[in-house]
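Add chain A with the ligand to chain W, keeping to what the hints say.
Listed below are the residues making up each chain.
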Amino acid sequence: MIQKHDDSVSLVLLGGSSGSFSIFEEILKLLDRPLQCSIVFVLHRGKSSLSELPQLFRSYTQLQMEEPQHLDPIVKNCIYFAVPDYHLLIGPDGRFYLDNDEKDFFSRPSIDATFVSAAQSGLNIKAALLFSGASEDGAFGMKLIAEKGFKTYVQNPLTAEVARMPAAAIRQYSKHHILNENFFEEIRSILYSYST
Amino acid sequence: MRIMTLEYEELEFIIMKVKEVSGFDFSGYARPSLLRRASGYLVKHAMDLSELTSHIELGGNSVYDFIQELTVNYSEMFRDAEFFIKLRSEVFSYLESYPTIRLWVAGCASGEEAYSLAILLKETGLYDRSLIYATDLSQRVLASARQGVFSLGNMRTFSENYLLSEGKKSLSDYYHVAYNQAVMIPDLRKNIVFSLHDLTGDGVFNEFQMVSCRNVMIYFNLEQRQKVFKLLYESLAMFGFLCLGKRETLRYSGFEENFRIINMHLNIYQKIK
Ligand SMILES: C[S@@+](CC[C@H](N)C(=O)[O-])C[C@H]1O[C@@H](n2cnc3c(N)ncnc32)[C@H](O)[C@@H]1O
Numbered sequence: 442m443i444q445k446h447d448d449s450v451s452l453v454l455l456g457g458s459s460g461s462f463s464i465f466e467e468i469l470k471l472l473d474r475p476l477q478c479s480i481v482f483v484l485h486r487g488k489s490s491l492s493e494l495p496q497l498f499r500s501y502t503q504l505q506m507e508e509p510q511h512l513d514p515i516v517k518n519c520i521y522f523a524v525p526d527y528h529l530l531i532g533p534d535g536r537f538y539l540d541n542d543e544k545d546f547f548s549r550p551s552i553d554a555t556f557v558s559a560a561q562s563g564l565n566i567k568a569a570l571l572f573s574g575a576s577e578d579g580a581f582g583m584k585l586i587a588e589k590g591f592k593t594y595v596q597n598p599l600t601a602e603v604a605r606m607p608a609a610a611i612r613q614y615s616k617h618h619i620l621n622e623n624f625f626e627e628i629r630s631i632l633y634s635y636s637t
Numbered sequence: 606m607r608i609m610t611l612e613y614e615e616l617e618f619i620i621m622k623v624k625e626v627s628g629f630d631f632s633g634y635a636r637p638s639l640l641r642r643a644s645g646y647l648v649k650h651a652m653d654l655s656e657l658t659s660h661i662e663l664g665g666n667s668v669y670d671f672i673q674e675l676t677v678n679y680s681e682m683f684r685d686a687e688f689f690i691k692l693r694s695e696v697f698s699y700l701e702s703y704p705t706i707r708l709w710v711a712g713c714a715s716g717e718e719a720y721s722l723a724i725l726l727k728e729t730g731l732y733d734r735s736l737i738y739a740t741d742l743s744q745r746v747l748a749s750a751r752q753g754v755f756s757l758g759n760m761r762t763f764s765e766n767y768l769l770s771e772g773k774k775s776l777s778d779y780y781h782v783a784y785n786q787a788v789m790i791p792d793l794r795k796n797i798v799f800s801l802h803d804l805t806g807d808g809v810f811n812e813f814q815m816v817s818c819r820n821v822m823i824y825f826n827l828e829q830r831q832k833v834f835k836l837l838y839e840s841l842a843m844f845g846f847l848c849l850g851k852r853e854t855l856r857y858s859g860f861e862e863n864f865r866i867i868n869m870h871l872n873i874y875q876k877i878k
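Same order as they appear, the protein sequences are chains W and A. If you're matching positions, the first sequence starts at 442 in this note's numbering and goes up one per residue. If you're matching positions, the second sequence starts at 606 in this note's numbering and goes up one per residue.
All clues given are correct.
Example chain A residues on the side facing chain W (calculated, C-beta under 7 Å, incomplete):
{"hint": "1", "residue": "Y613"}
{"hint": "2", "residue": "A635"}
{"hint": "3", "residue": "P637"}
{"hint": "4", "residue": "S638"}
{"hint": "5", "residue": "R852"}
{"hint": "6", "residue": "Y857"}
Think of the hints as simulated: they come from the structure by calculation, not from any bench. Even for Gly, the Cβ is constructed at its ideal location relative to N, Cα and C.
If we strip away everything but chain W, and leave its shape as in the complex, we get (with noise of 0.2 Å):
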């Protein structure tokens, strides 16, 4: 019934909210290499936000940039961003699903959506990081994904331009890594480790 995945993906999730934008823009930049994993972006977007992030960050990567379509392979050495308006979940058969249930955190797409559905597919996620945001979304997502024994990482909310969203993913989970000022080199070495 259920479809076996394909055991060489390997996700590193982002989740963002008000603050993060500058901050994705900036770990774009590092990526001049290939990839072995791929990289998910969940940014909190409008409903009718129009602009699409693959045009716009186009100057900062070479690598493969795109907003997944629903029931699109994860293929490896791609960053994708989740569309605005539908949540971007992650099945255990290594496709992207799109789902316009209800809001979470009055969100769509939201960050737990994706992270739950990440840490259930029985993928292997090699990193997920949780950045500035003005809500409480992606707290049980990333906790979820720490106790299923993968690395995660929550920028300090004493650091990030709003420190709602990390401090909540704190309170629910005491032992994420801490990203401290000048993180950015820490997400280099996170995004071309060759451990999983």
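Only chain A with the ligand this time, still in chain W's reference frame:
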């Protein structure tokens, strides 16, 4: 806050139970979305898996409620206003040439989309020779669709959508208010037939110049989706139009070659072979 999450194995168990008790078969539905909704159901009703199992085993309304929550019924009149603008300019202008126009709204929820089409057909002068078949698998939403009653709160959103879709009048010209609710005028109902049809089990029942199946495909898994595409394809007359929801494309349908794209962003297609 979420306290409970289901695992995929448990979901398979629930799917089996629901089928056993009610006959309703979720096996063709996309697992990640079902898992999300079933977990949401547990949280909302503060249940765990064993309580859910007993709840399902009660049968009757209990299992029906659960099925209802797993199949999303959310809809709006003139949902995605731009779609209706394109429908008028690119599709209806073509349908004009037919003496009778048969349209199928597959997965019609409480009738929002069917009424929107009726209004659009009226405003383009095509309504009197049109017949809209609007189907769904839920008796409950069909009953409410037949009544054509909507809350005034929802009507406000629908009115905004209608104006954005360049409607020619005011939406309030198409309903009257009774007991604080909006009731669609009987004239709109005249050429709409609401009936039960399960896209995963029932077959072709007519030939259509246009099939609109929006925000339904997204609930099916890859194999089921291909079967439903086959059903829709076979229900369309040659050069008939297929309308899908925003972000729902023909990708992975198996019928990519049989349609030409009328509008790529709004997912309007025409059958060409
Ligand atoms: C989200 S609503 C979409 C309503 C409308 N088409 C729109 O776009 O606003 C999805 C509808 O599909 C119906 N549905 C789900 N599975 C179905 C099936 N197997 N056969 C027929 N209808 C189904 C649900 O009952 C629900 O009313």
